[in-house]
Amino acid sequence: MDKWRYIAKRLMLAFFTLLMITFVVFFVIQLPPGDFVDSLVTDMVAQGETVTAVDIANLRTMYKVDRPFIVQYTDWLGGIVTGDWGTSFYYNQSVLVKIGETLGATLMISLITLVITYLIAIPIAIYSAKHQYSIGDYAFTFIGFIGMAVPHFLLAILLMYLSYKWTGKPIMGLFPEGGITSWAAFLDFLKRLIIPTIVISMSGTCGLIRSVRAQLLDEQEKPYILCTRAKGVSEKTITYKYEMRAVINPIVSGLGGMISGIFNGSTITAIVLMLPTQGPILLKALQSQDVYLSGGILLISATLVVIGTLISDLLLAVLDPRIKFLEESK
Amino acid sequence: MKKVLALMLAVVLVVSLMTACSKPSSTKEDEKQNPTPAATEATTGGDSVVTEEVKEAPILAEQVAAGTLPALAERLPVAEDVMVENDVLSLGEYGGSITATTNDGGRWGWGPYTEQSMFRFKLDGSGEVEANVCKDYYPNEDASMWTIELRKGMKWSDGQPFTADDVIFYYDHVSTPALNADRVAVGVEEAGYYPAYTSKPYNCYQVTKDGKNYWAKFDKVDDYTFTVTFAAPKPNFPEAVAVDNKWMFLPKHFYINYVARKDGVSDDPTFPLITEEQAIANANKDFGKVWEDYGSMGKDIGYYNWDYAIVPQIRSFIAVKDNWNTVGETYELVRNPYFWKTDSEGRQLPYLDSLKFMIINDADQVVLKQTAGEIDISTVEFGNYSTIATATQATHTIVPWFRPEWQSGPALSLCQTVQDLDKRALFQDARFREALSISVDRNLMNATLMSGQSKPAQAAPAEGTSSYNEEWANKWTEFNVDKANSLLDEITEPWDKTEGTYRKMKGTDRDVEIVISTSDITLEGDYITLLQTAYKAIGVKVSDKVDAEIAKSILTNNIEAKFEGVNITSPAIRPDVIVPMRNFSCWYGAYGKWYEDGKTTANGGIEPTGAILELINAYDAIKSASGDNRDTVVAENVQKIYDLHKENTWIIGFLAPLPINFFVNNNVKNFPSNIVWADEYRFASMMRPEQLYLAK
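Residue numbers (this note's numbering), protein chains in the order written: chain A, 383 to 712; chain B, 345 to 1040.
Simulated from the structure, these hints should not be mistaken for lab results.
Every residue gets a Cβ at the ideal spot worked out from N, C-alpha and C, and that includes glycine.
Among the hints, erroneous ones may be present.
Per the computed footprint, the stretches of chain B lying under chain A, defined by three or more beta-carbons under 8 Å from a beta-carbon of chain A, are [as the list claims (entries may be wrong)]:
(1) 482-494
(2) 1019-1030
Derived contacts from chain A toward chain B, CB cut-off under 7 Å, selection only [as the list claims (entries may be wrong)]:
(3) G416
(4) Q475
(5) Y546
(6) T549
(7) K551
(8) S564
(9) A567
(10) M656
A short list of chain A residues far from chain B (calculated; beta carbon distances all over 10 Å) [unchecked claim]:
(11) P415
(12) L540
(13) Q597
(14) L608
(15) C609
(16) L668
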């Protein structure tokens, strides 16, 4: 029964957080001075078109940006609930359709980098923890700090430049011209995957190495490990059966950010590397004050953080009985 | 039709025979694939050699052979109406693609490459137009009626005939707003008002008579001839169309599904009456978009029609996929199989299979691609010139074009209608502008901003252009801070030059301050810093204001100054940069609004006096000039406009204009040089991309 109360409590909390998020999101994207019509008019004038005050007023009515904030918000929220996320002003397309267009590429890149992050980070972290203060540990620590400290976009630019220096062609974009229609095009596509994968997974991998290593070291000192070791249990079993269980905690609790990261697909890196992911679309939407599109993307992203946190909370409660105990003793 | 075909066959046969000996022979296989009337067989020196005159691209010939495309003769206009492109520098070869780049704003980024206007400007930079889409055009005696002849047998890219109906449909139902019986537009507030389908009320179709603007009337004479009648003479009609509207047609057979006709006629089977809702529903279904209102849908598909691959075109290259707004992708435009121009040997243009545009927003990514030599045709920003030139010296050639600019680097434009009246008095005082001009060390500016590539000059027509005037170019360019100070002493409160203080405006205790609006501080920040330092020595404070919507600030007369260069071919062609005839430039501010609103102050316009009024009078004289001495009147008044600018120097320039440099892949042939790069001339359309070809 307690378990259900715990879950219900979390769900309620998540619902109100989401409601607040919708309000904040809609408020924040309306914060910059001007609206979509202003940027539209600026563009039109820049293109040499004649725009009169009457035209501007008509456009405001047409795009419904002349209504009070709260009316726009409730309309939008109503639409979200009923599945009508509005129309992107900039693209003249349904927001959901527009988001769907880049969803495939975004998910693909994110999942690949996610898998790579874990595949690389966990073995290295285990090695580092088991060989603390060895040369290998120092080397990985050094690389780890560099990887965490260098911003994504800078690394992207550097690698792009190196790709040009080494191959004579800067590698940008994800899909080869004309799509993947042949084996050669597929190889080209794989080649294009290298830089985004390295860049996007870099800081995640390095961060994960640091936290898993620290957790393992922490765990190694604990009396139960000493006791287990004294009993003659093999080091392998100690590491993978006992210590690793404790390591799951930081991984699981980071699920919220991770899930939303998968959806966002590293906005700035995507822009620098011209990846056809959600990032550039979000930037465009924000720049042109396309409220419904940017609102939609930000909302999904925020929702995923909330859902991710919810899942990790629930998972942790299952995985780590201490959390349930803490919750019950409140 | 048979007669025409026979005639065409004869012409082609003769041309083929004449050139047969000089052409490389081709295989029988080729001939089999190209059953066009142009194919012929010649015998030389006793050996039987099959010589084939290829009159169309092999790709198209294959489609003809496969039966998926009509034969060339059926795709081109009738023989005598085919446009033979005499501008081609050398005869080209078919095939290949060239790569350029543009940003995801699309539209104007690539539109001009393929644009075909009714009348086009000649390549020689004379500012004269010639027939392009039309075959011929001529006015009546007083130029109040123009007759325009189209090309018989010309077709849209979907194979449907292009006729006078397409022009008249476009004019009557797409580009005119609601009109009264006398063809004066219905006022916005009046009953029955509706805007033009494209939302663009073109000036080129209107004449002013007795203070009222009358819209022209288009009448069909036959399928290939129509007339345009004005309420008063319109001697510059072709030039005005070439600048203002450019194309003047849309495929009626396609647009009848998306245009709700406003005249209520319900018995026209070629254009059935549909409601706006039906039009939107049709468009949303066919274009895959979600337009919610008729106005924005009309503007998108009517005005920006080339954005959509689904719309039939008469352009040289046509889109296959609407991915022009997807960064990182390549937007490809393939040859229009129905293109209506040939080279002098009767071979259908374009030579290239396609134009490819890499969609890139970030300037640095473009530079990287340019450095790697991946872009066949591109212009290079000044700062990256040497990097790219060095990296691509083996593969690319630099081809200079002219920019009809009056300056390079910054040009300071002081709003003559600035709201603060004390400031307005200062800005309108020539001594103030002179002081601002002579207190800047132009040599230093040239060295720091332009790596010494330019030279000190006033904002004035460039050397080498017909309107160049040495005295003007050198006006107020000497560096003389003392003189500047003594000029300012006459018009401001006395200033003791104490460090950190500024002059006060006459009769006030407010600093003499110029607030420069900028939309991009990263670009213009250097200019501002330079002026801040220079003007400190004359007690004038310079501040910056980051304004993302400068155009709107100009509309509302809420701006003091900005960096605003002049880019103009001639005020007779496009005046709005140097004549206050619409709400557009910062320097004349609300004076433009006054003119645009029919010379009234009703919507915030300010009535001009003195030299500005003279500018407007000169422009009005150009607009209404007609008859035999029209050219003289136009030339005189163009000169008058230049003289007024020379005398008043409303826009302060510092450095002389530089050419625009194209980096062109050595394999790309027929790329013209020394062409004027201007909006009026439609930028890249002057490249005549349909005549570009790749060296094999």
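Hints and how they fare:
no. : hint      : in the structure
1   : 482-494   : violated (count 0)
2   : 1019-1030 : violated (count 1)
3   : G416      : holds, 6 Å
4   : Q475      : holds, 6 Å
5   : Y546      : holds, 6 Å
6   : T549      : violated, 9 Å
7   : K551      : holds, 6 Å
8   : S564      : violated, 16 Å
9   : A567      : violated, 13 Å
10  : M656      : holds, 4 Å
11  : P415      : violated, 8 Å
12  : L540      : holds, 12 Å
13  : Q597      : holds, 39 Å
14  : L608      : holds, 55 Å
15  : C609      : holds, 57 Å
16  : L668      : holds, 12 Å
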